[in-house]
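**Q** Please dock the two separately framed chains into a single complex, following the hints provided.
So you can see what is in the structure, the chains are spelled out below.
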Amino acid sequence: MMNTICQTHSNPSLRATGWLLLLSLSAGLIPAPAQAFCGFYVSQADTSLFNDVSKVALVRDGDRTVVTMAADYRGDVSEFSMVIPVVDVPLREQINVANPALLEHLDRYTAPRLVEYYDPDPCQDPRLERIRVTGSRIKRADIESASPVFAVDDRVTIEAEYEVGEYDILILSAEQSDGLISWLTDNGYRIPAGAEEVVGAYLKRGMKFFVARVALDRHTGSSVLRPLQIAYEDENFMLPIRLGTVNAEGQQELFVFALTRQGRVETRNYRTRKLPSDLDVPIYIKDEFGDFYRDLFTEQVAQSDGRSVFLEYAWDMAWCDPCAAEPLSRGELRSLGVMWLDDGHNWSPSQRRSRQGVDVFVTRLHLRYDGESFPEDLDFQVTGDRRNFQGRYVLRHAWRGDFGQCEAAGQYAESLVSRWDQEAQTLAKLTGREVEKIKRRMAAEGMSAEALNGWKQQPKKSWWQRLWGNG
Amino acid sequence: MHRTAEFLRAGQGALSRFHADPRHWQLVALSGLLSLSWLGSDFGSSPQILAAALCGALGVEALGAWWRRRTGRRPKPLQWKSALITAFGVSLLLRADALWIWSAAAAFAIAAKLLLRWNGKQLFNPACSGILAALWVSGGQAWVSAGQWGQTSLVAGYALGMAALTLSSARRLDIALGFLGSFAALAVTRALWLGDPLAIAWHQLSSGSLLIFAFFMVTDPRSTPDSRRGRLLFAAAVAVLASALHWGPNVQAAPLVALAAVGLLTPLLDQHLPGRRFRWTAAERRPLIPHSLEVR
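Residue numbers (this note's numbering), protein chains in the order written: chain B, 1 to 471; chain F, 1001 to 1296.
Okay, chain F solo, but in the shape it has when bound (with noise of 0.2 Å):
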């Protein structure tokens, strides 16, 4: 009875624990999504493209942590968790003729990650600025498969459950439900001024890809405002932007080039909005040092 109630008390704190960082509840919901795109797309991804990714963001950020003990600066552990969503996200969204393109996206991710970079704080979502800078300089061996999801209804309700669980430890459901309702609101209103059945409007509503960028990409709460307010003028501005270039120019990848150039306003954002700045766990909520002396 007493080993019992020993064994429960350490679930319970392994659950804690586990529960404690958001990101674990993310990387296991991106595991099974690049599962259902391995096992379920025909152009999907594989073990292969994930361990491409998983050796330029690790080998990129394990550069980046022994040039921070080399140089003397702060002394901060591999942030492998980071790594390897950043591995993730790459893997699940961007496509390539050939292995090493996935490994140089993440290995860029991270570098991007790691040195652009305003008062402390990245730029970029760090996917997202690898996946474009593949798409830019492959020449064409690189490309967003917007289609790979279909608007199967398991996939869509997937990504709700699990990024719901995952953001909820985040607060990061404001911006990802801010995004979802200005792209719907502009969807809708262009079918309406088209003279559109709404079927069209809810057929990209629920691209599977869409949900994905929604939830798993958009949401990354190291690159976006501090505050709720903010957040959702992120959130806005990225899907007006996105519509604008897709209805426009037909912008390849548009959600990404939209997310990117939006991340550049995030500091003006912060500057005006202020907010508490994220940290992913408690250890790292803790204020060691103020936010003006932080060097990474």
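So that you can see chain B by itself, here it is in the shape it has in the complex (with noise of 0.2 Å):
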């Protein structure tokens, strides 16, 4: 599929770019230029390139929250189970099932991105560049598994019961967590061993819990369970991740997708700290940005002892540049749990102007955790920082002609070893791979100081020579 996608519109928040842009010249690094181009869209990387992946929406306005949890379950949905402690009992019209394509789509949007520039002839000096926009996709959740037989005991209380689409959810409340667990285990809900202290705590809290599972006789047979929504209010914005660390069956991979009317979301309780990004990669990168990226974020979670958030992206929903997918439509956030859109328009002239004049920011955050490394549920907050931040990294192809044709080219090839080499450094500092393997690498496909046909790399001089010019 090909898809052009042309932007040329000025940056909505023109100040908050400006204060980047001074921020990063203080600190020495210069951002790759913001500038808006057309781009075309060409294809997306492996979908399956972590394992254990947990994919959640959460849409944030005051205390008003909607959460949509990817139940994309690909075992046998008879075996689907799924638990999770609320901070309430919500009634039925609180419960909603989405359309997975929403989490997806959401995901294509916010996915970490390849781009490409041509580099011009040296010797002519066209301005023109070419660039390619790769997105990636990340494979989905598992679940614990169950089957599908309720049972009513006086060691829980089932605080409501509803049919939602293709699910039968049970909110339950129990005065001891050997009683709920022993429940949920007779019921076939598979506990991991070692779960009563986190259900007690979770129960001492106040909190119930959220079970749901597929109804045969409603499901329509297809593979893909629809992600299930809940909407609710609360002061606490936080995602409980300890249940999932229980059974300690290694790390698990979360990725929430966030979208505020105000800014960027972190967490308070563990650091949030940004991808490196808009680097140069070896040109080689684009045939295996899954692994890239892969490998960039375990070396990265690595740097970071493992107990840090990763911010992925970071943007303001009316537009990207250069987009991965097209932003959300209305109807699509709306779905998702947008609930302000219809609240009124106290919008900037900024986002008047832009677009689709959708007020939302989306921030997509990432994290490796078990619970040894996070041992505490998410906090979040949300903050007033409107910045934009993507995970972009560049691919530049290298005018190849003769490089003796002219002395602008032999300086570009000067250039262009020097470039390597540093591209060379970049992946391995990124991905903590061996930098004399990239460059064998880099040599076999022709970027090499051997490789540049008409020009011979002449011996450095010394900086007395260069001064000069007497060497």
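Everything labelled a hint here was simulated from the structure, so no lab data went into it.
Keep in mind that a hint or two might mislead.
[Unchecked claim] Taking CB as the label site, the calculated pair distances span: (1) F:Trp1202 / B:Ala302: 19 to 25 Å; (2) B:Leu279 / F:Ala1185: 44 to 50 Å; (3) B:Gly331 / F:Ala1098: 31 to 37 Å.
Even for Gly, the Cβ is constructed at its ideal location relative to N, Cα and C.
**A** The structure is reproduced here in structure tokens:
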């Protein structure tokens, strides 16, 4: 599929960009130019990059929250079940099922991207640059399984019982965690050993348990289960992750897509870091962008002792540049739970000018966690930060021709060699791969001094020879 | 030989003059933390932020000094060290999306220090009041990033080492340890009650933001009680209120709100548990005029 996307409008948050530029210059890090350009959406990277992945969309405004959980289960649907602590007993109208395409679209829109530039002929002076954009998508959740028989018992109180789409949903409360766990186990929910303490802690905080499984008579037979949504009001803006860490079968991957009116979302009880971005990498990464992204993420997790949450995207939903996918439509945003779209139109002039006029800021957070590195649930806060950020990696295609045909071509060849060296160093630093192996691979693909036709690398002159030109 | 001895004596003199005012060490420590925040955090402070905060703090401090001279009140030099510390604190802890917010917060902080006084003593910690004013007035454009320091032992060790050095001469280690001790007791009690592993309490206690708050904010000698018993009570009250606000209604910047609220109790604590009023330097400590006549 090839889909041309052309964006020429100006940056709607000019003040924020100016500010970013100011900060970046002071730090000696100049970001890639925030220019608008035409791009070609080429393809998506492999969707099965990570194992044990969950995806959650959180829409937050004041105390109002809508959580959408991708129940993306690929096994036998009769064995699917989901157990989530919730702050209160939701009414039937507070629960919904969403189209799975919503989270997939959000994922594609926010995915780290690869852009391509083509170097001009150094002997002429064309400024034309072509860019290709590649998005990446992530594999989905594996969820605990159970068999479908409900029972009523005095160990638990069934606060509510709903049929929502293909799901049968119970809201349970209990006095004792062991009673709740034995009830769940008796009713076919597979609860990992050692969950009593975690369940007990949630019950003591007055939380209920939302348990869902598929009603086979209402299931259409599709292998894809639709995401469940819950709308609620609570001061706490948190995501319970501890139940998922109890079974300790290695680390899990979580993607949080937060949509707010105000700005970026960050964790209060864990450090939020930016994924390294806007870096030139060797051309061959184009063929293995998925592997590159996975290695990059693994390396960054290791460098932060596994205790950070990574920001992969933070952007005003009204636009994107380059777009890994089109921004979500108003209808899609409403389906995800963006409740303020019809609340009134207190948009800033820049938002009013923007193409869609949606007042939504999206944050994509990615973390790899287990019980040891992330002992507490995730505690979020909405900040006023509307600076745009994206995970963006740059491929620069070299101009190929006779490097001896003009002086500029010779200088270009020299710059090319040092650029390739830098790209190899960057890739090694980002992914932890061996720099020599990277250089060998680059050389095999024609990215070395020897492959530059018509140019011979001169022995490096000393600084005084370069100073007076007498060497 | 004679010259070397003279040089050493001069160095010793300079060091003891430097050490005589605990604010010097505090400024060194805060500069280090600001550098860490600038270079080590993706959403940290920056020189521009510090410059904006300094403009606000020094501007209002200078205005105060000018007003004191004009009205013929007790002449007092510009309190630039205190203004610097306030600006450093605001740059370190407050996050915002526009530079003017740091200036306004620092300006408010110094104005509150100069104007909101009881019995010759400021009611609120200046940086704390400036940050809270920014949070409440800016309509979501300012926030406090409690996670920005993470749980890194580097920051913890740094904060502990430098803070101990700073506070040893200001004699305010008691309030920092009182606060951390009370907070730890509450966190551990909560974990035990919930049946949580102690790793959770430890995770909460090793937060870099908590350590910075404990060593650089709650310890301010000018806005906390004069007596040791009063200070320990004060520290425990801040810890209890901060925990209650965080675990209950999930108030943003709960420790800062708690510190400001408990600050209102300081005059009461000073009245019932009197102690010697803190002065930054030996010259300041000389009782030129009785406290009751002191007007600043």
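**Q** Take the hints in turn and mark each one as holding or not.
**A** Each hint, compared with the structure:
1. F:Trp1202 / B:Ala302: 19 to 25 Å: This hint holds: roughly 22 Å between Cβ atoms.
2. B:Leu279 / F:Ala1185: 44 to 50 Å: holds (47 Å)
3. B:Gly331 / F:Ala1098: 31 to 37 Å: holds (33 Å)
Violated hints for the displayed structure: none, as all numbered hints are satisfied.
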